[in-house]
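Protein chains: 2
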Amino acid sequence: MPSYKAPLRDTRFILHDVLRVASYNNLAGFAEATPDVIDAVLEAGAQIAEEVLAPLNQVGDREGCHIADGVVTTPTGFREAYKTWVEGGWTGLTCDADYGGQGLPFVVGFAVNEMMSSANMAFAMYPGLSHGAYEAIHQHGTQAQKDMYLPNLVSGIWTGTMNLTEPHCGTDLGLMRTKAEPQGDGTYKITGTKIFISAGEHDMSENIIHLVLAKIVGGPEGIKGVSLFIVPKYLVGDDGKPGSRNTLKAGSIEHKMGIAGNATCVMNYDGAVGFLVGEEHKGMRAMFTMMNAARLGVGLQGLSQSEVAYQNALIYAKDRLQGRAISGTKAPEKPADPIIVHPDVRRMLMNAKAFNEGGRAFALWTGLKIDLAHRDADPATRELADDLVALVTPVVKGYLTDKGFEMASNAMQCLGGHGYIREWGLEQFVRDSRIAMIYEGANGIQALDLVGRKLAQNGGRAVMAFFAELDKWTGDRVGHPTLGAHAQALGEAVERLRKATFWFMQNAMANPDNAGAGSNDYLHLFGLVALGYMWGQMAEVAAEKLANGGAGDAFYEAKLITARHFIERVLPESAVHLARVEAGAATLMALPAEAF
Amino acid sequence: MPSYKAPLRDTRFILHDVLRVASYNNLAGFAEATPDVIDAVLEAGAQIAEEVLAPLNQVGDREGCHIADGVVTTPTGFREAYKTWVEGGWTGLTCDADYGGQGLPFVVGFAVNEMMSSANMAFAMYPGLSHGAYEAIHQHGTQAQKDMYLPNLVSGIWTGTMNLTEPHCGTDLGLMRTKAEPQGDGTYKITGTKIFISAGEHDMSENIIHLVLAKIVGGPEGIKGVSLFIVPKYLVGDDGKPGSRNTLKAGSIEHKMGIAGNATCVMNYDGAVGFLVGEEHKGMRAMFTMMNAARLGVGLQGLSQSEVAYQNALIYAKDRLQGRAISGTKAPEKPADPIIVHPDVRRMLMNAKAFNEGGRAFALWTGLKIDLAHRDADPATRELADDLVALVTPVVKGYLTDKGFEMASNAMQCLGGHGYIREWGLEQFVRDSRIAMIYEGANGIQALDLVGRKLAQNGGRAVMAFFAELDKWTGDRVGHPTLGAHAQALGEAVERLRKATFWFMQNAMANPDNAGAGSNDYLHLFGLVALGYMWGQMAEVAAEKLANGGAGDAFYEAKLITARHFIERVLPESAVHLARVEAGAATLMALPAEAF
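These protein sequence lines are chains A and B, in that order. For the first sequence, my numbering puts the final residue at 600, and the numbers step up evenly by one. For the second sequence, my numbering puts the final residue at 600, and the numbers step up evenly by one.
Heads up, a few of these hints could be off.
[As the list claims (entries may be wrong)] Keeping only pairs whose Cα atoms sit at most 30 Å apart, straight-line, the calculated BS3-like set for lysine-lysine is:
1) K286/B <-> K334/A
2) K476/B <-> K549/B
3) K334/B <-> K183/A
4) K253/B <-> K150/B
No wet-lab data here; the hints were simulated from the structure.
Make the full structure from the sequences, and use the hints.
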């Protein structure tokens, strides 16, 4: 059976030493988040992840969810685990204190999310979706709606969902058919079918607050006619308690490649009572609030599966005796050497280590920027942080999930035939991680969002700020005795990213397909630069620590070696991505569809 | 439900026009294999693959195999399909006519194998393993053994298996514990446990002929004491019929990520009667006969899953309406454009198309070389062909399976959320294809075989011959109006492969870890060059066809565009692989195991 240990030291290193979270103690919410408090939260989160959630991960996969007449049963132990989760106050960790939350920084919430997802991704999605619903109502709901729904979402007594997709439309929500009929009393009747609704129905909470996109009858065509509604499973009475059953029902649950422990439902709304969130026909704006938060969460899922898969591959690689090191026997007292002596096994492990730690730093860096965007006193700082979050959100989602899946698959490869056997658990990480590349906007959509929208927003202000930050970092360190080589290599990768950016400016106007053709490669090039930057910062701190009392600490020494690994063996991929961006759309678009 | 159409035109194009199989009609067995006969075989194979095997692929996945007291039940329809397969004479297609086979060239057998595996990989493994057993007995058995076992293996009335792996040893067979005790009458008693035995027990054949590796008691330690035995499920009587039950039994079947329709068994041998194949303690040599054939077959499996996944992604991409082309609406009469208008969807489809057709050509090129190695009258031609087969076998296995999985996953991505749902079938291709990277020697072992063994064999004769062939092809075409750019780019990739080869020569002596560290990248660099060479040849033929009466034929025009796609968007990866080879082992080997 696979195991999981939360990467506490690495998370602390990033939060305290690299991001220096304590230095933001002037920000609202950060004053309480002292290093001691953060460490206590991380340790408590680690404990529940390791001891409560991880042991249920295979159970969830094996049993799946079951439905009978619209009633969903979750796998054995999920109800009890959710209860434990709620009682620990985890659902409200980063939520507004006005509604019962703890108001801790997002950056801390991200760290806890990663642990939960590593331990049990299918389980973690239940509270994860609730948080999306919380965000949408918190930002776009009326005060009455907030008062009615938020306390119970924050406490976790109720859960929430996001309802976007319909059988014939996922990416292109303008095709939506679910309709909302105004009832004259301020409510609407919602009718339609939504599919792929994660946590759409289950047996863990008293009520489920569905956030549903629908078109108000008589409104504008297409995407401009979409509005967002609160459609509770049980209508909430004046006493704030779940009352009469709304006319909505889970029709079936999907049989999926993975995340079997999460109930992915077809939801049928049959004239269900709904309450408008925000303005009529402005549903997409509110939906994007949920979506952007969800996208970052999905990026964390990619990372999380790579991390837990890596941990188990590492255990196996240290334990499994097979063959002798080609450089000479390492364990003469044993019948064979542990396979971690083999360079090709280490290649897979080091790639995963470099990705996990670099990806974690990138995700937490982004989490901190969200906090700054929300809480900094200085409008310019808030704007810059908000720009960067918007810019990197598709990269966090797309890069961390593409690579998360790849690394999980490599980890499985380390186990040879055992990796393919269910009992060992590695193949579940591969299957579970695969969905993260698809939902909340398939990674192709992330790449288009990055290239087609985020680059150009506000005249390119965000990407220019990103380049400025990187140019300063590399420029300040070129020629530096320990960081010079890193700065040099990273600077070259930044140059490639800049070239790719300018290539789009020059070539996408004449032929927009040139933007689409290079978007995936651009996203990956961006991800490489981002992780290279994180590795530069981590190497710098590690070198300082080694020089200042930390001499001989294997943790810091490993940081320097892994940073070098990233620069020498991962970052060179940036050249291929640039070459492909510059190849443009020609060979992609040349064939008529029938000639494929 | 997914569908499958055998790629008949493409296969014919490669066999007849690119490889010009008809020009070898002076070789034994080839005279009968006229283009008409080959086409008839391909069409009949396509029919059974499409109509009999493909419809059972999801059934096999859903039902899996079941075991009760050592008796295995295969999924609904498998028995009947196997009967149809046997009755069609397919099991003996390339087998020796002396034992009832049809003696057709291997290159034709490869083409049929690909179709079978695309249609139903789990099913195709049953006859696939039999063929391995056939090969081992045919090459290493006594005449009496051949007479006893081959006719029924060729006819398919019996099936065969390969038994190598034990719980504590897979790659490192020297650790093997299964023992063989000589009985004085020329037979041995075999005792031990073998795991991961594909098709180890089932209900489709009258007898199962297990080929089992074991150590003769008192023999040399380690790999030098391993011998190969025939251990039939039913001992064969003097009448040639299955007689008394041997003391061997399937203990359990594995629950796997995929290929659920194939029974992967734990096999317990409890003093079972075994018959030595070949010489004592020379079992590995005989095993490699099976293994090399099996490795090429596994390479075809990787290709096959990419092909069928691509076909289904293509159908979806032409059918699914979502969004509008960024270059302007393409289907104004519809509510949205089919997603094949989107460059990023085409990126995934074109990459798969370039891989499938290039990989098919590479596999068939290798198949033809096997025929030449066996059948050519000229010893020098035989030696050269044999050298090349030995050299590229790990590349066919490793590259086609790594990429096959990647392409299957990309095909799944084209379907968005539907790709993750079992009913659509795409996720099964991903799961099924994943095993091909692992079994018959994990791809890391293939890479080591290539770099550590094949490159240096006979003083590098094989790789030098490969370079000579490529240098001639590119050299003859540099500056050519239609092929010059291809030759130029391919020549650069060949140069990178040569550099990597020399880098190993210079750096692996001093530190053997440098060979292991770069082996995976070297294998991929080799695969890129091989496919680039195939694409060059295909482009050349396509250009000739277009110039000589084929003008306007979309098939040939697509070949030219896809060749260009490969050169512009795939082959550039070769630079990264060289950079990684040249990075050496430093960052991989620096960390002590406990510092990971």
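Hint check:
1. K286/B <-> K334/A: 28 Å, holds
2. K476/B <-> K549/B: 22 Å, holds
3. K334/B <-> K183/A: 28 Å, holds
4. K253/B <-> K150/B: 24 Å, holds
Hint compliance for this structure: no hint is broken.
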